[in-house]
Amino acid sequence: MLKIQDMTNLVNRLITIDSDMSVTKLAVILEVYNAGQTTPSKVADSLNLTLATASRHLSYWSAWNRQKRTGKGAIEYTEDMMDRRIRYVSCTDSGKKLVKMILGE
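Adding 801 to a residue's 1-based position in the sequence shown gives its number in our numbering.
Some hints here could point you the wrong way.
Taking CB as the label site, the calculated pair distances span [what the hints assert, rightly or not]:
1) 820 x 884: 24 to 32 Å
2) 817 x 884: 16 to 24 Å
3) 816 x 881: 17 to 25 Å
4) 848 x 819: 37 to 45 Å
5) 811 x 848: 14 to 22 Å
Calculated cross-link-like contacts (lysine-lysine; reagent style DSSO-like; alpha-carbon spacing at most 27 Å) [stated by the list, open to error]:
6) 843 x 826
7) 826 x 804
8) 826 x 898
9) 901 x 843
Keep in mind that the hints were calculated from the coordinates and are not lab data.
Since the model is a prediction, treat every value here as computed from it, not as a measurement.
Just so it is clear, CB atoms sit at the ideal spot from N, CA and C, and this is done for glycine as well.
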C-alpha cells in the first residue's frame with residue numbers, strides 16, 4: 802500500500818512532468834505502456850472510456866494533437882499491414898522513459 806509520502810512524491814512528479822495531466826491521461830499512457838501494443842478500442846474498453854475519450858487522450862500523448870499542434874510524442878500509431886483500417890498504438894522510447902519517470906524508476 803502506498804504511503805502518503807509516496808503519493809505526494811508521485812503527484813509532485815506528475816506536476817513536474819505536465820501540469821495539465823489528468824488522471825485519465827495518466828491512465829491512458831500507463832495502459833498503453835503496460836499493453837506494449839494495443840488498439841484505441843482496447844484502451845477504451847479496459848479503462849471504461851468511450852472510444853472518443855480514449856482517442857482524445859491518445860492524441861494528447863501522440864506526436865501531433867487534435868489541433869495539429871506538436872504533441873508529447875510519447876505514443877505512436879501504426880497501421881496493420883493486412884488491414885489498414887486497424888490502427889495500433891504503442892509507446893515510443895520517450896514515452897517509455899516518461900512512464901518510468903512517473904513510476905520513479
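Hints violated by the structure (listed by number, smallest first) | Structure breaks hints 1, 2, 3, 4.
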